Amino acid sequence: MSTAGFNSQNGTGTGQTYTNGPSQNPVALQPPPGVGYGMNHQPAYNPMQAKVLGPPGPPLYASGPYQPVPPGPQSGSYPVAPAQPLLTRPQIGVLPSHTPPQSASPVPGPRLAQTTPPAQATPPPPAVTSTSYYTGPPAWQYAAPRGPAPNHVNPAVAAPPHMSHGSAQPPGPGAPPTSIHGYPQPAPPPMPLHTYQPNRPAYGPPPTAPPTMKPAAPPAGPPGTTGTPPPPKVDGDVAGNGPQAPNSYNHVDTRMAGAAQPGPPGRHLGHYPSLPPGYQNTSAPPPAPLHPALQAATQPYTQGPQPYQQPGGPGPGPAQLSPSMAAMSLQSSTPEALRVVNLLQERNLLPSAPVPAPTPCLTQDLQKLNCSPEVFRCTLTSIPQTQSLLNKAKLPLGLLLHPFKDLSQLPVVTSSTIVRCRSCRTYINPFVSFLDQRRWKCNLCYRVNDVPEEFMYNPVSRSYGEPHKRPEVQNATIEFIAPSEYMLRPPQPAVYLFVLDVSHNAVETGYLSVFCQSLLDNINALPGDSRTKVGFITFDSTIHFYNLQEGLSQPQMLIVSDIEDIFLPTPDSLLVNLNECKELVQDLLKSLPNLFEKTMETQSALGSALQAAFKLLSPTGGRMSVFQTQLPNLGVGALQSREDPNQRASAKDVQHLSPATDFYKKLALDCSGQQVAVDLFLLSAQYCDLASLGCISRFSAGSVYYYPSYHHQHNPAQVERFQRDLKRYLTRKIGFEAVMRIRCTKGLSIHTFHGNFFVRSTDLLSLPNVNPDAGFAVQMSIEENLDDMQVVSFQAALLYTSSKGERRIRVHTMCLPVVSSLSDVFAGADVQAVTGLLACMAVDRSVTSSLSDARDAMTNAAIDSLSSYRQSVLTIQQPGLLAPACLRLFPLYILALLKQKAFRTGTSTRLDERVFAMYQLKYQPLAFAMLMIHPALYRVDDLSDEGALNISERTVPQPRVLQLSVEKLSREGAFLMDAGLVMYLWIGRNCHQNFLSQVLGVSSYAAVPEKLCFLPELDTAESQRTRALVSWLRDQRPFFPSLHIIRDESQLKPHFLQNMIEDRTESALSYYEFLLHLQQQISK
Amino acid sequence: MIFLTVIARLADGLPLAASIQEDEQSGRDLQHYQSQAKQLLRKLDAQSPDRCMLEAGNMNFCYFISQGVCCLCLCDASFPKKVAFGYLEDLQNEFCEQYGKRVPEVTRPYSFIEFDTYMQKTKKSYVDSRAQRNLSSVSTELQDIQRIMVANIEEVLQRGEALSALDTKASNLRSQAEKYRSDARFLNTRSTYAKVAAVVLVFVTLIIYVRFWWL
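Chains as they are written, first to last, in this note's numbering: chain C, 1 to 1084; chain X, 10001 to 10215.
Some clues are possibly wrong.
When the alpha-carbon atoms are kept at most 30 Å apart in a straight line, the in silico BS3-like pairs for lysine-lysine are as follows [unchecked claim]:
{"id": "1", "chain 1": "X", "residue 1": "10043", "chain 2": "X", "residue 2": "10101"}
{"id": "2", "chain 1": "X", "residue 1": "10124", "chain 2": "C", "residue 2": "615"}
{"id": "3", "chain 1": "X", "residue 1": "10121", "chain 2": "C", "residue 2": "615"}
{"id": "4", "chain 1": "X", "residue 1": "10101", "chain 2": "C", "residue 2": "804"}
Note that these hints are calculated values from the structure, not bench results.
Only a predicted model underlies this, so the values are computations on that prediction, with no experimental measurement involved.
Can you make the complete structure from the sequences, with help from the hints?
Right, here's the structure in full:
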């Protein structure tokens, strides 16, 4: 009920934003991804949802969270919706009482023995079961009412119930897991234990025990084929029962005990309330980790399992997880992530080193195997058990991916059969469980599959019969070389087509010579093999093709002036083999800048040029690189200027964030269908309507580069950036005709995607090209309760053709624990990922609704989650703005987002720059997007080698990250601000003479040149240190940030100061004011 | 016109090289033929005739097997047979020269995809009608061109299925025959019993008759 109410409160369809243009979708027979899910399914927590019916005040959610409202106009077609409340209630109300935090109790034996009989609704032989229960006690969720476990009587258990009563929740269900107290309470559905038992036999034995296939598990083959020998294909999949059962028990226990052991959910519940009340007021800053490594060591969750780290492989022996040990870990772990922080009182919250990703609360064995957070990151590292718990936490649930990241180490597997689950097609991964030597159980759909014969042999150790030692099962990130079943057509060659603007305006900027020189320099480094093809098209008011046929003495230019009905002037030789025609291509590149030197043509027929390029590329597919310098104003796809320069600084809503025409989107979808990706380079001083032009890249999985005010003489910083970016662009790895699918454990569902791609079916992203610099984000909701699972997994599989014509599949798998208490959900929040996902959602929101809506929604996201934390998790009400330590940066990041170029108001921002910032937020991988949201500030005049990194014989100093406030600046110093795409080096008026002479090579402050974009190479220690820091920062990212050295009088100083997020500007709040605003809203 | 060219290993039908469809117009409906080509390559083995033309609607598949490598192309029904086989033979020779030794070792599909460049060039020279005249002298050297087997692609692809159908039919027949046989035997014994019983009855009556009336 409550879920339905929430849904109707929020106004269902309105906020559903990012649908990838289902109307144009020629292939989509399914309902459009975003809308369909939003309408029918359980409501995801979507802070970006339009609050149509909600109260007018800023909070996005009604303050009394989730009042049970009579079911709204829920569509009856979706069968689960009406049934849901019936199903969930008893589970929420009763189940937590059986999963107390102290699941790893020291005396599980007798209790377990007591509880097993009622749970034995399923066949397994009793003798076997009982032993297996002993072996994996931590996995054991099903504990009887609290036993006499002295260690675990903590003072906290009594508190949460009060909370739940006090708040306006539906009584009973949804209360935090407070074991005894929650159990006998007269909640509406206080179902006794056995009322739901028969329906849910899976609760009996440990949830992962194989013989008791969950009732909801997919069809498990024909029944009664128990003892069949392995070979038969179909029969082998039957859930093991009968004779094989004992064997499988052992196996599951060894694996799953590991999975379950980690931090028993809610185990630290008892700790924080016992803190002295004044603890939060201590002015000591949080134990600021000085070094990532140190930080990792002090991570709260990793501590627990350490004392009994397994010497063995992934399968810890059953005996190793003795209950008392688990109890010990319980005591020793400090809930650092949940330490209450009063944001109004603690000033120095920003850690002095980059914020590391939180470690999920898993056993070391699983964590060791888990996917790197650089590739795969979840906003909540502890997945809540139910949607209602997620709704209560008011944090968005989603994944942030960087799937094609350049990796230094990547195991590649070549085998004729790729082992996948037969029902959900999941690739085998480290988190599956092996029932015995011949069968494995899928960790996404729980189907039992056969291990094929080839998989029994381990090519690494050259041994037979150890399927769990195969590289596929040892690496969470792996690449397969695909057999021919994964190819619809022979792998395409690498094809590169360059579409160049040669109108008068373009020639003025002088980009053409930079481009031609870059391509000439890197022509041998273009990824590809002997089949690589290239082609060139230039355009102004007409389209020019270049015949580069082998044997010609010089390139032949063919001009098509009929731009209304574009055609290719010759069927072949426009795209030529690079190896065979290299000389002609080089000739062309050398002559091209001069060819149009004197052109007077000012018009630009970009639309027709794109159509021509599409025609040229569609037989093979490939990459189209478009260079554009002005608003297209001729032929199809012509655009008009929509920007009013006087409105740039208005505090009112920003118009024209959505495309003016769907021509570019339609063309992009056609391109996507023919495996053509379009990358857009926009070099322009005037308005170009990036909001419309950008669609061509966004839906064809291309990338957008924007160089505002590009000019070869007036703007050397942009020229250098363009050069470096081009070099990276031309030489980076590329994958062609790619598709990506993201799967997650049954019960979770993905409903919205962010990034550049086209959603071909509900979970399949079509990526005509994939490049290593693209990031993606997805939003998820919990459709079925996850209460019988300890962990859930996510798998992203990227199938692509390498530039060498190999078809490859890159698979990433991540495993996360499931928790049942709200405090655990908060403890696992990954504040950076949450911010990144919120930014993506806000971009969608500002395009579909309005910018002010998006800004409100972001503020509300902070208010909602903090007030929910205050109401549902905190036991002692204190004044101040309280946040868990893991979310202490959340308000700061939200404020940073509000002041980001994409969302700021009241400050003069060009429309194109704003739109580009929005594209960047959605497209950049999280690490880089975070820099664009919250720049890093370093003091660089006193760099020392203390704590420096040593990278390939270079010493890189590691200065502290400072808060973004002018109060941190001093006139005596020099400060480097790293804002992702740009860096500023600010020189104080009274800067040390030493720094000026040793690093900048000038005699005095007044002698610092007005426009300085590089650090002179001086042979001094200071200069080397500074340059090492700057180049190290640059090397870490795939794009090239330009450096500006600024003084107080510089034109760029306002830009520098706009990034001082914690300070007040004429149009935006300071950090402290923002916190007060939050506090006011929360306590209202 | 030649639409599709695939070079595959005979032993397991693993595709080694192929020519990407360049023509946008026909590229769309080739998907069906492509899957047929894949099936065909899997069916072919050392026993198959080494030169064969298979009719598939208004297209023809031509293949040529030699040295464990099979070259297959799809062309118009009107495309001259001679030229098609000349093309295939040309490819075959060049391919075996370049990669022949490595063919048995590879495991990855399309390992020699770079051969595509040569294929496209060769194709161009064969398809070009002016060049064809020059080539005709070459193709006359193909002595056995007249004896190329022509079959229908459906037949070839379904040959296995027909055999298995025949097999099931035969086994059905066999089981039915066995049933008939047992039935017949049963009938036989029943009639024997009836005869014996009749004779016994006659004798018994006779004995009774003699016993009571004659004595």
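Hint by hint, here is what the structure shows:
1. 10043(X) to 10101(X): Given that 30 Å is the threshold and the Cα spacing comes to 23 Å, the pair holds.
2. 10124(X) to 615(C): 21 Å, holds
3. 10121(X) to 615(C): 22 Å, holds
4. 10101(X) to 804(C): 21 Å, holds
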